[in-house]
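Q: Sequence:
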Amino acid sequence: MLGTAALAALLPAQSQAQAQAQDQAPAELIMFSQGRYKGHNYSVAGASQSMRIPFTVKSVQIPEGQAWELCSGNTFSGCKEFTKSDPSTVINVRSVRPIAPRITTVAPTVGAIVTGPNPSLRGMASEYFVAPDDRGSRIEVTPGTNEAMSTRARDFCRTRGWRNSAYARLQTIDGRTFLADVLCADAN
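Numbering (this note's numbering) for the sequence shown: 652 to 839.
These aren't lab readings, by the way, just hints derived from the structure by calculation. Model, not experiment: these values are computed from the prediction. Watch out, some of these pointers could steer you wrong.
Once the Cα atoms are required to be at most 30 angstroms apart in a straight line, the calculated DSS-like pairs of lysine-lysine come out as [stated by the list, open to error]:
{"#": "1", "residue 1": "Lys735", "residue 2": "Lys689"}
{"#": "2", "residue 1": "Lys689", "residue 2": "Lys731"}
{"#": "3", "residue 1": "Lys709", "residue 2": "Lys735"}
{"#": "4", "residue 1": "Lys709", "residue 2": "Lys689"}
{"#": "5", "residue 1": "Lys731", "residue 2": "Lys709"}
Turn these sequences into a full structure, and let the hints guide you.
A: Right under this line is the structure:
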């Protein structure tokens, strides 16, 4: 009888903990084998390479407010950007990654705080550039895709003596897209 009472006391606490865990779970990309979100599905919560999905993806469910790249290459090549769910597509997916939202505005204090030619914050193993430039001009990214951004950021970092770009964002100003928030480092 005591065992039953103890079990009954634990059940509400357990279901409450499960509900909290579900509320905090990261939203996942879900790919389906048929259109209109039907058929077999394959879920992914973060970047993944060399995937072996057992079907051609024919619809994609993207969590609200997120964007993802679905790529036909094993290492994020041949990518297509999805900013919302698509009930009808055809793509062989081998790698996927979430995309950080683009920066569309500039805080008025940025220019006042960060001054000088191509200012940066340099540490022992990396260097951070808020608004990278090349000989006084911002680095434009055309087309404004994440793949082009990664290439331009890597090239920028190499001209500054670093091996790689560990992080970069795109900033859109008056319809033009520029590199922003670039972190250069020697490690991959």
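Q: Does each hint hold? Answer for all of them.
A: Against the structure, the hints come out as follows:
Distance check on the hinted pair: Lys735 and Lys689 sit about 17 angstroms apart at the alpha-carbon level, within 30 angstroms; holds. Of the pairs offered as hints, the one joining Lys689 and Lys731 holds, with about 21 angstroms between alpha carbons and a cut-off of 30 angstroms not exceeded. At roughly 14 angstroms between alpha-carbon atoms, Lys709 and Lys735 fall within 30 angstroms of each other, so this suggested pair holds. Only pairs whose Cα atoms come within 30 angstroms are accepted, and Lys709 paired with Lys689 is accepted, the gap being roughly 9 angstroms.
Among the hinted pairs, Lys731 with Lys709 is consistent with the structure: their alpha-carbon atoms are about 14 angstroms apart, no more than 30 angstroms.
Consistency with the previously given hints is maintained throughout, with no hint failing.
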